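Asker: What follows is each chain in one-letter form.
Protein chains: 2
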Amino acid sequence: SVAYNSGERSENEDDVEITTPKEIYMVSDGTGWTAEHSVNAALGQFEHCLIDRGCSVNTHLFSGIDDVERLMEIIKQAAKEGAMLIYTLADFYLAESAKKACELWGVPSTDILSPITEAIASHIGVSPSGLPRGAPGRKIPLGEEYFSRIEAIEFTIKQDDGALPQNLYKADIVLVGVSRTGKTPLSIYLAQKGYKVANVPIVMGVDLPKTLFHIDPEKIFGLTINPVVLQTIRRSRAKSLGFSSDMKGTYSEMDHVRKELGIAARIYAHNPVWPVIEVTGKAIEETAAVVLRLYHDKKQKCLMPRISKRY
Amino acid sequence: SVAYNSGERSENEDDVEITTPKEIYMVSDGTGWTAEHSVNAALGQFEHCLIDRGCSVNTHLFSGIDDVERLMEIIKQAAKEGAMLIYTLADFYLAESAKKACELWGVPSTDILSPITEAIASHIGVSPSGLPRGAPGRKIPLGEEYFSRIEAIEFTIKQDDGALPQNLYKADIVLVGVSRTGKTPLSIYLAQKGYKVANVPIVMGVDLPKTLFHIDPEKIFGLTINPVVLQTIRRSRAKSLGFSSDMKGTYSEMDHVRKELGIAARIYAHNPVWPVIEVTGKAIEETAAVVLRLYHDKKQKCLMPRISKRY
Ligand SMILES: Nc1ncnc2c1ncn2[C@@H]1O[C@H](COP(=O)(O)O)[C@@H](O)[C@H]1O
Ligand SMILES: Nc1ncnc2c1ncn2[C@@H]1O[C@H](COP(=O)(O)O)[C@@H](O)[C@H]1O
Ligand SMILES: [Mg+2]
Ligand SMILES: [Mg+2]
Numbered sequence: 007s008v009a010y011n012s013g014e015r016s017e018n019e020d021d022v023e024i025t026t027p028k029e030i031y032m033v034s035d036g037t038g039w040t041a042e043h044s045v046n047a048a049l050g051q052f053e054h055c056l057i058d059r060g061c062s063v064n065t066h067l068f069s070g071i072d073d074v075e076r077l078m079e080i081i082k083q084a085a086k087e088g089a090m091l092i093y094t095l096a097d098f099y100l101a102e103s104a105k106k107a108c109e110l111w112g113v114p115s116t117d118i119l120s121p122i123t124e125a126i127a128s129h130i131g132v133s134p135s136g137l138p139r140g141a142p143g144r145k146i147p148l149g150e151e152y153f154s155r156i157e158a159i160e161f162t163i164k165q166d167d168g169a170l171p172q173n174l175y176k177a178d179i180v181l182v183g184v185s186r187t188g189k190t191p192l193s194i195y196l197a198q199k200g201y202k203v204a205n206v207p208i209v210m211g212v213d214l215p216k217t218l219f220h221i222d223p224e225k226i227f228g229l230t231i232n233p234v235v236l237q238t239i240r241r242s243r244a245k246s247l248g249f250s251s252d253m254k255g256t257y258s259e260m261d262h263v264r265k266e267l268g269i270a271a272r273i274y275a276h277n278p279v280w281p282v283i284e285v286t287g288k289a290i291e292e293t294a295a296v297v298l299r300l301y302h303d304k305k306q307k308c309l310m311p312r313i314s315k316r317y
Numbered sequence: 007s008v009a010y011n012s013g014e015r016s017e018n019e020d021d022v023e024i025t026t027p028k029e030i031y032m033v034s035d036g037t038g039w040t041a042e043h044s045v046n047a048a049l050g051q052f053e054h055c056l057i058d059r060g061c062s063v064n065t066h067l068f069s070g071i072d073d074v075e076r077l078m079e080i081i082k083q084a085a086k087e088g089a090m091l092i093y094t095l096a097d098f099y100l101a102e103s104a105k106k107a108c109e110l111w112g113v114p115s116t117d118i119l120s121p122i123t124e125a126i127a128s129h130i131g132v133s134p135s136g137l138p139r140g141a142p143g144r145k146i147p148l149g150e151e152y153f154s155r156i157e158a159i160e161f162t163i164k165q166d167d168g169a170l171p172q173n174l175y176k177a178d179i180v181l182v183g184v185s186r187t188g189k190t191p192l193s194i195y196l197a198q199k200g201y202k203v204a205n206v207p208i209v210m211g212v213d214l215p216k217t218l219f220h221i222d223p224e225k226i227f228g229l230t231i232n233p234v235v236l237q238t239i240r241r242s243r244a245k246s247l248g249f250s251s252d253m254k255g256t257y258s259e260m261d262h263v264r265k266e267l268g269i270a271a272r273i274y275a276h277n278p279v280w281p282v283i284e285v286t287g288k289a290i291e292e293t294a295a296v297v298l299r300l301y302h303d304k305k306q307k308c309l310m311p312r313i314s315k316r317y
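Each protein sequence line maps, in turn, to chains A and B. Position in the first sequence counted from 1, then plus 6, gives you our numbering. Position in the second sequence counted from 1, then plus 6, gives you our numbering.
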């Protein structure tokens, strides 16, 4: 029902700014991370046009907004700047006020909490509390899950880059791969989700720790990557680390890169239980999704691959 | 328009299971993390009743669903289990198919991507691509932001727990606090968002590194916590580390805890530029929101505190 631009660049490719950026305001009574995460995903749908490709967007996150006065100030400012508003407000009155004020002042708005909350409410037959996460009296119970997540993060930090191989048996997940396949950021991403992760580098001329072959092989995952992409990444890494051109040579030279990936491929072939995950062109969270899908499938052996949780 | 239960426990408190758990299916053509994050936030609205408080919920995440066959299988299974469906599907045809199939088979459903995408589309005047994140041809450019986020994570790991004080000047954010105020998980959370973080412990009888007082004080944040809560956390920590009862004594004894917090308070008083952040009862992401709000306010000195980004 809306007419869109094609989003294509204008004839004059030399224009520095083709359009003035559009503003998106995000407001939450909590941290704002839910709004930010959702807006980020939605903006993925406009990648063909963002930044210097014809349109650009500025987002502005306002967190901890739990009173109507500050809320109204923000909406007024949004109206002035021609911004749209995307909000998560647990309090029914506040959410309603945001909606009405936006209508009144001509600010396009989207409530991204209420639709899910209402759908869940009617599904489980319980009414929502309407209390924002920081509401007085709402104590966050420092439950088991909280402590085990922190433990996972601390464990994962200590196990980075092949450290403490004697502890590999304690890990939930062990990642194996050559340098710059993203083992460290992937380990940390998974740790944040509560998994104890260890990562073990494959380096030409260095033996893998023996313990790697004594632990449960079902929890080991190999990472692989396209050699050309890996070389590009290693070059940028070598530059940022200020490697001498000698070291840079061995580390990011194509011949060396291919040989090291060849070694990795042979190790994986000798250990066919380890799934081999292609990371080329994947964002860290995408590789994490693949790892966890496989991890949970192995545990459940169920027909329809899924990750289940109890609340 | 929906009649809800009060969600209160039944008379018989000994019942192990008061109600059968309600099922929530989450489906994404991508990682599923957006759906999981949003559902998690929404479930916060039912905390008064979840788990053993009268109702319980099982979530099931199906990621990487980008064909109609698997989608229909999942929806059929949802219908069988009496589950509801929450989905993010970038492809218009797939999203529409999900909606129709859910109507047909009586599965309550909520599309959480389309409303935001459509609102943004009409705001910026550009049509969405309809391409899921993993679509062939959609190459993730290993841009500057990607590398700088990974660098932030690697930096932060190396700076954990007061390591390498000579590098404090390279950090964007420096966290100071006594043991078990959540410095490590908070540092990692911020690192994932692209900030280089160092954390420095305050330990009775140990001097703070001199470099801490030579770097820009505007980037230093002190953490503080209620002594009773800290003692509880330390006790559980000491137990999980298997501390001898002697060490446990000094570490988690109330007298020791209070003294150490007193030292921290005096250090903060001597450095009034450092904001002091109360972490008691806050989840890591909540403390992160407070830190980043202050961090960006200091930089912008603007009237309306916000975190802005360009896309
Ligand atoms: N544990 C929780 N309890 C209650 N409400 C929550 C919880 N987590 C998130 N929310 C609400 O969900 C929305 C998104 O949260 P946030 O991601 O912190 O901005 C806000 O309206 C919060 O108040
Ligand atoms: N960078 C991106 N480009 C295109 N679509 C995206 C991007 N990131 C997320 N999405 C879409 O947003 C929804 C949520 O993504 P996810 O959190 O990976 O499940 C899915 O439908 C994805 O296809
Ligand atoms: Mg590494
Ligand atoms: Mg620590």
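Hint data in this document are derived by calculation from the structure and do not stem from the laboratory. Treat each hint with caution, since some may be false.
For chains that are exact copies, the list does not tell them apart, and a pair is met inside one copy or across any two.
Calculated pairs, DSSO-like style, for lysine-lysine (alpha carbon to alpha carbon, straight line, at most 27 Å) [said to hold, decoys possible]:
(1) Lys-86 - Lys-28
(2) Lys-315 - Lys-86
(3) Lys-245 - Lys-288
(4) Lys-176 - Lys-106
(5) Lys-105 - Lys-245
(6) Lys-304 - Lys-105
Predicted, not measured: the structure shown is a model, and the values here were computed from it.
Asker: Decide, hint by hint, whether the structure agrees.
Answerer: Now for the hints, and whether the structure bears them out:
1. Lys-86 - Lys-28: within (13 Å within a copy, 45 Å between copies)
2. Lys-315 - Lys-86: So Lys-315 and Lys-86 pass the 27 Å test across copies only (19 Å; inside, 44 Å).
3. Lys-245 - Lys-288: Within one copy only: 22 Å inside a chain, 40 Å across chains, cut-off 27 Å.
4. Lys-176 - Lys-106: neither (54 Å within a copy, 46 Å between copies)
5. Lys-105 - Lys-245: neither (50 Å within a copy, 50 Å between copies)
6. Lys-304 - Lys-105: Classified as neither: same-chain Cα gap 46 Å, cross-chain 31 Å, threshold 27 Å.
Consistency with the previously given hints fails for numbers 4, 5 and 6, ordered from lowest to highest.
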